[in-house]
Each structure stands twice: as structure tokens, then as C-alpha cells.
Amino acid sequence: MGPTADYFKNHSYFGLNEENIKFFEQGTLPCFDFDGKIFLDKKHHVSSTPDGNGGLYRALKTQGVLEDIKRRGVQHLHAHSVDNILTKVADPVFIGYCKSKNADCAAKVVSKSTPSEAVGVVCRVNGHYKVVEYSELTDEAAERRNPDGRLTFRAGNICNHYFSSEFLRKICDYETKLKLHVAKKKIPYVDENGVRQTPSEPNGIKLEKFIFDVFEFAEKFICLEVARDVEFSALKNSDAAKKDCPSTAKEDLLRLHRKYIREAGGVIQDNIDVEISPLLSYGGENLEDLVKNEVFTISPFHLKSIYESTTNGVNGNH
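Add 11 to the 1-based position in the sequence shown for our numbering, that's all there is to it.
Quick caveat, the hints were computed from the structure, so don't treat them as lab data.
The structure presented is a predicted model; accordingly, all values stated were derived computationally and were not measured.
Glycine included, every Cβ here is placed at the ideal spot set by N, Cα and C.
Possibly wrong hints are sitting among the right ones.
Said to hold, decoys possible - Distance windows between CB atoms, simulated:
| no. | residue 1 | residue 2 | range |
| --- | --- | --- | --- |
| 1 | Thr308 | Val136 | 52 to 58 Å |
| 2 | Asn21 | Asp44 | 39 to 45 Å |
| 3 | His192 | Asn297 | 41 to 47 Å |
| 4 | Asn204 | Lys261 | 43 to 49 Å |
| 5 | Leu27 | Gly75 | 33 to 39 Å |
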């Protein structure tokens, strides 16, 4: 946690009040071999791994974060993964929708692009809402379609969730009921002679909890389907994979910003790279006075707010 906290401090908390930034750590769980024996990662030291994003709930309770939320009077919370460059942080539409429905918790979803897309799907199982991992869906279920041609199980989970503070306080008491998920991994270890071994194939099990496993405990759970090209571009691989990688994430962001400029009346070709500062526009608003009838020919280009330097770009005073 130290390097992350230092990074924020060294960047002046990105303009936020330091008192409103709180860091806390998730827990860990031991690693096992396939016979259930615990690995050592060095002599006399148990090998462990982070307990998954579902470890959030225990960490909130044990590290005083729930009490801090209560003290501040926070009523609505937004949680999202870090590997989606198009995440709309604290999306007022999402939070407002959840509030209007009195939701305990909610999930943003995108329609699956193909039956085999490697995303979990939100569905109802035995009367309870859950996320079923893509690896747990049979081919028949994944390919099933409704009369209108759309996939039956199409609500792709993008790890973008809402929680009411009241539900979050309740659910932290259910944390021990969350199931542990098994992941077969290549786990380095020390053998009986104290020699470190690095396996080339999966040799053991890591356990983790998932943040979405609390959905089944909600009295009121809802989904909001969002446009993939506006809100979802995953970053999971190196550029060698040519998908869900830094290059595709960058291009998806630039493509969206070109769309915002065109909608505001600007003229821009697809080969022009323009990035819009989030301090200038959250979702394409406030751009018309700046870009209407402007022809963008310089690439790369940065549209900035009046609070930012005008170096290599233009700001809201233009």
C-alpha cells in the first residue's frame, strides 16, 4: 500500500482534499498444492495471495472504513475495477438511477459481443441474482438466443457496481458466507530442501472471493445496461494479444473523444488523436463553445480545462 499512498502524495492527491482519500488493504489467503498442503514461499513463511476483490467487505469492516463512511454521512458508493479505461467514476446517471429505484446494490452491464466472450454474465439462479463466470456457462446456455435474436444470457459483467451504505454495512456481516473460488495457478515455492522452485505449469490453488457474490443477499438488485463503446474497454493483456491491451484501450479512449468533438460540432478525422481532459468534460458536455466549427489537424492534441497548463493543447479560455 505504501507505494500507492506515496504516489498520490507526490502528485498532491490530484487536486483532491487529502482528508477525503483513504487507503486500506485487502487481506490474504494461503496457497495450497493439489493435495491441500500449504506452500511455503521461503523457509518458515507461508505462501499467500490477495483474497480477491470480494475481500473488500472484510477490509471495510476491520480497518475502520465503514465507521468513516457512517461518520461522513455517505449514502451511496461506487466501486469499479481499475482495468477499464472508460469507467465513468461516480457516474451521476448510475447513482441517480439506483437511488430512484431504492436499490441495495447494482451492476452496470454491457451486451456480450459474442457467445464466447470471456466475461461473466448477470443472471438469476434459483431466484437470486448472481454473476455466472463464462467458464461456468455451458456452450448451449452461452449460445441460447431469444426470439428477437439477442443472446439470452447477454448481461456482461464489467465489475462496475453501486452499493447503498446501509446495504454495505449489512453485507459486511455476511462476509463469512461468501464462497471461496478456486483458481489453479503456477505458484513458486520452496521444496523440502529449502530450494525455491518456479513451476512451468499450474501446480496449486489460490483462493479468492468475488465482490459480486453479495448480489444474492440484496432485497433490491438492479442492472443498468450501458453502451460498450462509451463505457467499457478492458486492459488485461500485453499488446502482443492485440485485444484488451494498452493499444486497444488507448484507441477506444481517443475514438470516444473524437465522437464527443463531432457531436459538439467540431470537424476531426479518424487519424487525429485528441484527448479531452476530464476536468473539461465528464461525458462530452461543455465542448460546443470550444470546438464548434473548429477543424482539428494537429495530432496528438489535448483539450484542457482552464485549470490546466495550455502547453501542447488548448484550454477552456480559447
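Query raised in the report: Against the structure shown, which of the earlier numbered hints fail to hold, in ascending order?
Result: Result: hint 5 breaks, nothing else.
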